[in-house]
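Below are the chains, spelled out letter by letter.
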Amino acid sequence: MQGCNGPGSCVKGVATVLLAGLLLWGTTGCSSGDPSAEATGGPAAGSDGEVELTGTITVSAASSLSEAFADLAAEFSRLHPGVEAVTNFGSSARLAAQVRGGAPADLVAFADLASVQVLAEAGLVDTDGEPFATNELVIVTKPGNPLGIDSPAALAGATDAIVSLCAAEAPCGIYSAELLERAGVSIASDRVTRAQNATATLGAVSEGDADAAIVYRTDAMAAGDRVEVIEVTPGDSPTAEYVIAAVSGSANEPAARAFIDFVLSDRGRAVLAEAGFGPPS
Amino acid sequence: MTSSTLLRRRPLTALLAAFAVAFFAIPLLALLVRAPWSSLPENLGTAEARDALRLSLVTSCSAAALSVVFGLPLAWCLARVEFPGRSLVRGLVLLPLVLPPVVGGVALLGAFSRQGLVGARLYDLFGFQLTFTTAGAVMAETFVALPFFVITVEAGLRSMDRRTEEIAATLGADPRTVFRRVTLPAIAPSLVAGTVLAWARALGEFGATVTFAGNIVGRTQTLPLAVYLQLESNPEVAVALSLVLMVVSLVVIVALRDRWLVSS
Chain A
0 MQGCNGPGSC VKGVATVLLA GLLLWGTTGC SSGDPSAEAT GGPAAGSDGE VELTGTITVS
60 AASSLSEAFA DLAAEFSRLH PGVEAVTNFG SSARLAAQVR GGAPADLVAF ADLASVQVLA
120 EAGLVDTDGE PFATNELVIV TKPGNPLGID SPAALAGATD AIVSLCAAEA PCGIYSAELL
180 ERAGVSIASD RVTRAQNATA TLGAVSEGDA DAAIVYRTDA MAAGDRVEVI EVTPGDSPTA
240 EYVIAAVSGS ANEPAARAFI DFVLSDRGRA VLAEAGFGPP S
Chain B
0 MTSSTLLRRR PLTALLAAFA VAFFAIPLLA LLVRAPWSSL PENLGTAEAR DALRLSLVTS
60 CSAAALSVVF GLPLAWCLAR VEFPGRSLVR GLVLLPLVLP PVVGGVALLG AFSRQGLVGA
120 RLYDLFGFQL TFTTAGAVMA ETFVALPFFV ITVEAGLRSM DRRTEEIAAT LGADPRTVFR
180 RVTLPAIAPS LVAGTVLAWA RALGEFGATV TFAGNIVGRT QTLPLAVYLQ LESNPEVAVA
240 LSLVLMVVSL VVIVALRDRW LVSS
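Protein sequence lines, in the order shown, are assigned to chains A and B. For the first sequence, numbering that gives the first Met the number 0 gives the first residue as 0, with consecutive numbering after it. For the second sequence, numbering that gives the first Met the number 0 gives the first residue as 0, with consecutive numbering after it.
By construction, these hints were calculated from the structure, which means they are not laboratory data. Note that the Cβ used here is the ideal one computed from N, Cα and C, for glycine as well.
Restraint-style ranges between C-beta atoms, simulated for each label pair:
no.: 1; chain 1: A; residue 1: S188; chain 2: B; residue 2: T163; range: 51 to 57 Å
no.: 2; chain 1: B; residue 1: L249; chain 2: A; residue 2: D189; range: 29 to 35 Å
no.: 3; chain 1: A; residue 1: T126; chain 2: B; residue 2: V97; range: 42 to 48 Å
no.: 4; chain 1: A; residue 1: T126; chain 2: B; residue 2: R49; range: 40 to 46 Å
no.: 5; chain 1: A; residue 1: R256; chain 2: B; residue 2: C60; range: 53 to 59 Å
no.: 6; chain 1: B; residue 1: F22; chain 2: A; residue 2: P233; range: 54 to 60 Å
no.: 7; chain 1: B; residue 1: L91; chain 2: A; residue 2: D189; range: 31 to 37 Å
no.: 8; chain 1: A; residue 1: A269; chain 2: B; residue 2: V68; range: 58 to 64 Å
no.: 9; chain 1: B; residue 1: R89; chain 2: A; residue 2: T133; range: 52 to 58 Å
no.: 10; chain 1: B; residue 1: P26; chain 2: A; residue 2: P253; range: 33 to 39 Å
no.: 11; chain 1: B; residue 1: F127; chain 2: A; residue 2: P253; range: 58 to 64 Å
Kindly generate the complete structure, drawing on both the sequences and the hints.
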């Protein structure tokens, strides 16, 4: 209290700063939230040429979509300068839990149908989602594959190898469990390190000391030469089905719908294909 | 000032203070309300929960022990020896206090992973790997816990009456005896407080551990990691484990209140 002159002045000073902060926050919040403040009139630059879209949309997407959706969001914002698309990446299961818990999201893009169904049961989406991409699993190892892992069986048999897998509830965790089951092998739990989501699972090999991981093909491609990709026998890998859905009661449903249309458009498909995603089945 | 005068003369102070208390109290209350009390023993008895409890006990106690072994000499040097760059060393030691633990984990990876500055040598020479091992988890916890011990004990060493040490020396005690018979008893409260704080910090460590040591059940999946990963699959277990961590933290605060938090 030595820094304050006289009793009470400290508290008043702090309160003034707080109030000033609140006011400032309020005004800036208004300028970005109020459509009329930024709209300069005239039709939007969007290809559809309909009403101009404004505001912010929050896109909660599976972590395996990180790079593709970051590109798509940037491109979408260029097409619709009035809209800011904010992305939030994580495991689909975790994102579904967040949205159910009240986290703001205008649309979700998940790596499995189950996570969307969680939201459908809670009345938070009114569809089962629109399929927009597929993905497959591969094994990755350190560059040069020093342990000579060439199949799920070899992965299970390499008794010294630390294997990075997705959290059991995340879609990638469910898919990799299915892959191991189809191959008829299991990995001892004391060599399995579980990551929070698909990208973190890969990171344990590309940045850390894990010897191998089961990851999405797209993530493995994005890691380049930091990992070696080992294909699994066709049919062993389950196909990950990606679906996209608007969240009911979204404050900005027109923009959310426009984003979904953009993802499903030829341009959206092209961006996804470039990242290694397959067409929806 | 009594509470009624506070309300009358400083209503704004009282209001802001009440907000701050509610800010801490409401989340704790929510945890207590949401806790599945009836199934608590069952939830804490699951294999994952027991593994995490056991592992956390082992790693946090080891980290606290390492903090004492290395932290006591360090604190003594910082408090008693004039050497060039002392403030730099102190800053370095305190860095993990403010560094996000995940960054600490990344730094540890850079140093001690199989490709790391030091880790590569260790691995080439001895085939010794720290990542994804319990030793690695202990290391990550020590990294964040050690500063708590060092600052607490250094403060104790600085505030003790050094004349007692000088008197013991003039009476013929050698430096080792002085340290053991005079210094250590004098700083005992700080030693206890520092050890408990370091232990509690190690127990709650998440970011550095998951980044450096990974998340292997029974090997590196400590309580906080289990809480985070069980949240979707098994929220009741997650809440039960959170409750354990909360009770432990509460006990630590109450136990330290008189020794450290109030007296200094």
